[in-house]
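Number of protein chains: 2
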Amino acid sequence: MWYNEDQDEHIISIGARTSIRVTKKLYEKQSNFQKIEIYQTDAFGKMMVLDNCIMLTDANEFAYHEMIAHVPLFAHPNPERVLIIGGGDGGTAREVLRHPQVKECVMVEIDEEVVNVSREYFPAIAAELDNPRLDLRIEDGMAYIRNNENAFDVILIDSTDPVGIAENLITVKFYEETHRSLKKGGIMVAQAESPFYFADIQRKLFQNIKGAFPAVSMYLSQIPFYPSGTWSFAFATQEAGFDRTNYRVADLKAMEHQLQYFNEALFTGCFAIPTFAKKMIE
Amino acid sequence: MWYNEDQDEHIISIGARTSIRVTKKLYEKQSNFQKIEIYQTDAFGKMMVLDNCIMLTDANEFAYHEMIAHVPLFAHPNPERVLIIGGGDGGTAREVLRHPQVKECVMVEIDEEVVNVSREYFPAIAAELDNPRLDLRIEDGMAYIRNNENAFDVILIDSTDPVGIAENLITVKFYEETHRSLKKGGIMVAQAESPFYFADIQRKLFQNIKGAFPAVSMYLSQIPFYPSGTWSFAFATQEAGFDRTNYRVADLKAMEHQLQYFNEALFTGCFAIPTFAKKMIE
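Chains X and B are the protein sequences, given in the same order. Quick note: the first sequence, position 251, residue 251 per our numbering, numbers continuous. Quick note: the second sequence, position 100, residue 100 per our numbering, numbers continuous.
Be careful, since some hints might not be right.
Given that identical chains are not distinguished, each listed pair holds provided it fits within a single copy or across any two copies.
The calculated lysine-lysine pairs, modelled on DSBU-like cross-linking and capped at a C-alpha distance of 30 Å, are [as the list claims (entries may be wrong)]:
#	residue 1	residue 2
1	Lys253	Lys103
2	Lys253	Lys210
3	Lys279	Lys253
Just so you know, the hints here were simulated from the structure itself, not pulled from any lab data.
Whole structure, please, built from the sequences with the hints as guidance.
Okay, here's the thing in structure tokens:
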């Protein structure tokens with residue numbers, strides 16, 4: 001039995017879909033915000049699907065969570081306060097909390113059901129949700145950011161696709177508020193869709209970030225369960241002259257053995273993007 | 001109507017598949033070697049399928065062809081003679097022949113039908129098949145390599161998956177013959193499957209190359225129509241001390257405007273591979 005992403009208009013429109021062979025549907029619920037499904041897969045452990053889009057599998061979730069978190073966290077000289085918008089499964093928080101520099105990680109998830117199902121079905125991903133350094137809040141991330149100026153060293157936008165509930169998360173207004181919520185020298189990273197299949201969304205997203213931040217680059221991760229298998233992240237800095245090549249090398253070397261994906265070579269390597277993607281965001 | 005890769009045992013076994021929305025089947029024939037199908041897709045131009053595996057689409061073929069060809073061709077100080085094993089569609093030859101240094105490119109394809117359908121259905125990919133610098137031969141690549149010692153600066157193994165007809169192309173014996181067919185200082189690049197989904201084939205392929213070559217590395221390209229969306233290449237050098245960071249920078253800068261994918265940052269960036277893939281081939 002195949003789970004096909006073709007129930008989703010956003011996916012159908014691109015003319016390509018990913019399917020994962022599943023043995024059983026373990027859970028389905030319409031929360032206040034979205035349809036949540038959990039499947040047992042043949043080859044990739046359990047899989048979470050939100051509004052008909054594959055969000056993660058046990059086997060390969062590291063490719064997303066390590067890359068959204070560690071690139072900005074190692075680029076920042078001292079990331080003491082980190083904010084995650086979304087990220088209800090807990091995977092991004094787990095990676096953030098590997099950094100001993102992080103004194104507090106605030107995670108603002110709008111949909112409590114995602115947190116609950118992750119605790120139940122994805123214990124390895126939700127592993128740090130009870131960490132005392134984590135402040136987990138069930139509320140609207142946009143409102144939270146508006147009310148917390150000059151508060152964070154790193155902000156991670158770990159949202160679903162910017163259609164439906166997450167659409168407001170790619171507006172200039174939201175990025176301006178995010179910029180104000182960063183401390184001096186801070187970094188925002190946002191998941192930024194596939195350069196192969198979502199060029200229109202991606203152009204808009206990068207243009208809008210440029211409207212609010214003095215500098216933004218794109219980096220890539222390979223994530224097999226997302227459309228096209230290549231996923232991008234927008235890396236935006238609160239100050240124009242930020243030097244991301246001056247990352248915390250010694251700390252990264254000390255953590256590498258814990259990680260399955262990220263390593264020192266990727267620190268520069270992930271910013272080497274194909275020419276067609278570079279042109280798209282120019 | 002969706003074209004699903006689930007007719008192929010090799011694909012089914014991984015528990016994930018890619019599907020492409022198609023409007024029409026334009027061609028189907030069982031050649032002496034494989035089943036060849038051509039589809040009109042919704043979003044990606046025409047698509048070629050060999051033995052139920054998606055080989056290429058018009059829209060994104062550049063991601064494969066540029067990356068198999070230009071990484072070794074720019075790494076070699078003077079690639080005058082190039083051999084392609086397979087590559088019947090002509091895309092790899094088209095990229096090789098962009099290099100004015102190449103005096104002769106020999107392309108040895110076992111299945112003439114692939115060449116014929118590419119000429120008919122993929123004229124932009126087959127564009128250089130009549131270039132006078134191309135020596136196109138319809139014969140067995142293994143026999144050709146055996147009979148041509150010390151003959152090539154760069155050899156590209158542009159084969160189908162190493163199951164069925166292409167299985168012999170990942171043996172130590174074949175790699176030894178390839179090594180002998182290279183001139184001093186030469187480079188072999190072979191398409192080497194997905195690190196996410198074909199770990200077993202990949203381990204064997206890299207182990208066997210190590211049995212015949214003094215040095216081998218892996219580099220990656222993002223290819224949305226291949227399983228997992230991430231594809232690897234084995235980069236093996238005839239001599240142990242080959243310095244691939246000493247690539248032809250000026251020539252690369254002069255060609256970049258012609259290319260859609262490869263650029264100078266990717267020359268090192270594509271060799272920055274995730275930790276799990278690095279461990280797999282150690």
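Now for the hints, and whether the structure bears them out:
Taking identical chains as interchangeable, the C-alpha atoms of lysine 253 and lysine 103 lie at most 30 Å apart only when both belong to the same chain, with a minimum of 21 Å there against 45 Å between chains. Proximity of lysine 253 to lysine 210 under the C-alpha cut-off of 30 Å is restricted to the inter-copy arrangement: shortest distance 27 Å between copies versus 32 Å within a copy. In this assembly of identical chains, the alpha carbons of lysine 279 and lysine 253 lie at most 30 Å apart only when taken from different copies (16 Å versus 33 Å within one copy).
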